[in-house]
Amino acid sequence: MSEPGASLSAGESGPAGGGVRVQFEALALPHLARLYRLAVRLTGKAADAEDLVHETYMKGLHAFGTLRDPERIRPWLSRILARLVLDRRREHGREVAVGDLAELDRFFLYDRILDEDPFPYSDRLHEDFLEHFETDDVREALRALPDVYRVPLVLLYTEELTYAELADVLGCPVGTVMSRLHRGRKLLERGLWEFARRRGLIRTWKP
Amino acid sequence: MTRLTCDEAMRQFFAYLDRALSGDALEEIEAHLEECLNCCDRLAFSRHLDGVVKTRLADPEMPADLEERIRKRLGTMVMPAPHPAGPPTADQVVDGGSRACGELLITIKSTLDSMHPGEVLKLVSRDPGAKVDLPVWCQMTRHTLLWSDDATYYIRRRES
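These protein sequence lines map, in sequence, to chains A and B. Residue numbers are given in our numbering: position 87 of the first sequence equals residue 87, and the series is strictly consecutive. In our numbering, each residue's number is its place in the second sequence (first place is 1) plus 1000.
Where hints are given, some of them may not hold.
To list a few chain A residues with every Cβ distance to chain B over 10 Å, as calculated [to be verified]: (1) D69; (2) E71; (3) D115; (4) D117; (5) P120; (6) D123; (7) T162; (8) G171; (9) E189; (10) R197; (11) R199.
Dumping the calculated BS3-like pairs for lysine-lysine here, alpha-carbon to alpha-carbon at most 27 Å [what the hints assert, rightly or not]: (12) K1109/B with K1131/B; (13) K1072/B with K45/A; (14) K1131/B with K59/A; (15) K1072/B with K59/A; (16) K1122/B with K45/A; (17) K1109/B with K59/A; (18) K1131/B with K1072/B; (19) K1109/B with K45/A; (20) K59/A with K45/A; (21) K1109/B with K1122/B.
Everything labelled a hint here was simulated from the structure, so no lab data went into it. Computed from a prediction, not measured in an experiment: that's the story for all the values here. Each residue gets a CB set at the ideal place from its N, CA and C atoms; glycine is no exception.
For reference, chain A alone in the conformation it holds in the complex (with noise of 0.2 Å):
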C-alpha cells in the first residue's frame, strides 16, 4: 500500500478498501476539530453536530474517489457537511418566506439606533446597543434565521471563505450567495431589533 497521500486516483481501479480507508483518515481526520466546530455552529446542539461530522466522515470516504486535489479536503468536507443540513431541512435550493422583501431592505438597523436613541446620554448609542446581547442572545438570533440564510452566513464567518468558494460549497451562482448574505445580516439585524424590543430595551415601536 503507498503511503497516504501518495496516490488519489482512489476511484475506479484504486486500492484494495482498507488502504483507501487509511489514505482517506490521514487526510481528513486532521481536520476533525474544525469540522465539528463548523457543525456546532451550523445545528445548535452538539448531539446533532456529532451524528453530522459521522456522516460528513463516511460520506467523504465513499466519495474520496471524486476528490481531484488533496489539498482542498477541508472544503471539500465543509461542503459535504453544509450540503448535509441543507438537504436535512428540504429548504435547499429555493428560497423561504421571510415576509415583505422591500420592507426588509429598507430596515436598517443603525438608523432605527439612531432614531429610536435608547441611550439619550451615550455618545456611542450603537456600540452600547450591541454590547446588552448577551452571547446567547447572538446565538439564538442566528438560530433563528432560515437555514438558507443562517448556513452561508456560518460558513463566511467561520471558514473565511470567498464568495467563489462560498457558491462552490453551497452549490449556487455567486449572485445567490450575496443575496443570501445580504438577506441573512439583514434578518438577523431584524432579529435582534425584535429582540431587544421584546427585552423592554426599546420602549417604542416605530414600524
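We have chain A already, so just place chain B on it with the hints.
Frame of chain A; chain B shown alone:
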C-alpha cells in the same frame, strides 16, 4: 460610472464589507462612501456588528473520543470493490436524467423491488449528488454497488 443613491449603495454593502466587489461595482460604492457620511457610519456599524456576531459564535470543546468513534465507524464500512475490468451486464436500465436525489432514489427503489434477487440494475444519472449519496444508500439498503463511472451505476439487488 453610475452615481449610486444610498439605497443602491446599501444593496452592495455587505458584498463590499466581504471584499467581494471589484471593477465598476467597487469604484461606484467607494465613490458613494467618499461623499456620504451617513453610509460610512452605517458601514462602520455593520462591520462592528459582524465582529460582535463572529466573536459570539459557539466555540465548542470537541468530545475527546469523537475521533476514535469515527475511526471505528469508518472501519466497519464496506468499501465497494474496484472493478477494473469494466461494467457488468445489466438486467434492467433506468435513466434518471438529472433528477435530484430524493426522486431518483424512489425510482431506483421501486425498480429494484420489482427485480429478482441478484439481478443487476444499470442506472444513468447526471445528478452530481448521486456520486456521494448512492454508495451510502446502497450500504444502508444492503444492495451492492458493483461498478460506477461518471454517470453510470450498476447496482445488484439484495438477496432478500
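Verification of the hints:
1. D69: holds, 16 Å
2. E71: With a cut-off of 10 Å, E71/A remains clear of chain B, as the shortest Cβ separation is near 20 Å.
3. D115: holds, 13 Å
4. D117: holds, 15 Å
5. P120: holds, 18 Å
6. D123: holds, 13 Å
7. T162: violated, 7 Å
8. G171: Not fine: 8 Å to the nearest Cβ puts G171/A too close to chain B.
9. E189: For E189/A, whose nearest Cβ neighbour in chain B is about 7 Å away, the distance does not exceed 10 Å, so it is violated.
10. R197: At roughly 17 Å from the nearest Cβ of chain B, R197/A sits farther out than 10 Å, so the non-interface label holds.
11. R199: holds, 16 Å
12. K1109/B with K1131/B: holds, 17 Å
13. K1072/B with K45/A: Given pair K1072/B, K45/A holds - Cα atoms ~23 Å apart, limit 27 Å.
14. K1131/B with K59/A: Given that 27 Å is the threshold and the Cα spacing comes to 10 Å, the pair holds.
15. K1072/B with K59/A: Status holds; Cα separation ~15 Å.
16. K1122/B with K45/A: violated, 40 Å
17. K1109/B with K59/A: holds, 20 Å
18. K1131/B with K1072/B: Status holds; Cα separation ~23 Å.
19. K1109/B with K45/A: violated, 33 Å
20. K59/A with K45/A: holds, 21 Å
21. K1109/B with K1122/B: holds, 13 Å
This entry does not satisfy hints 7, 8, 9, 16, 19, going by the numbered hints stated previously.
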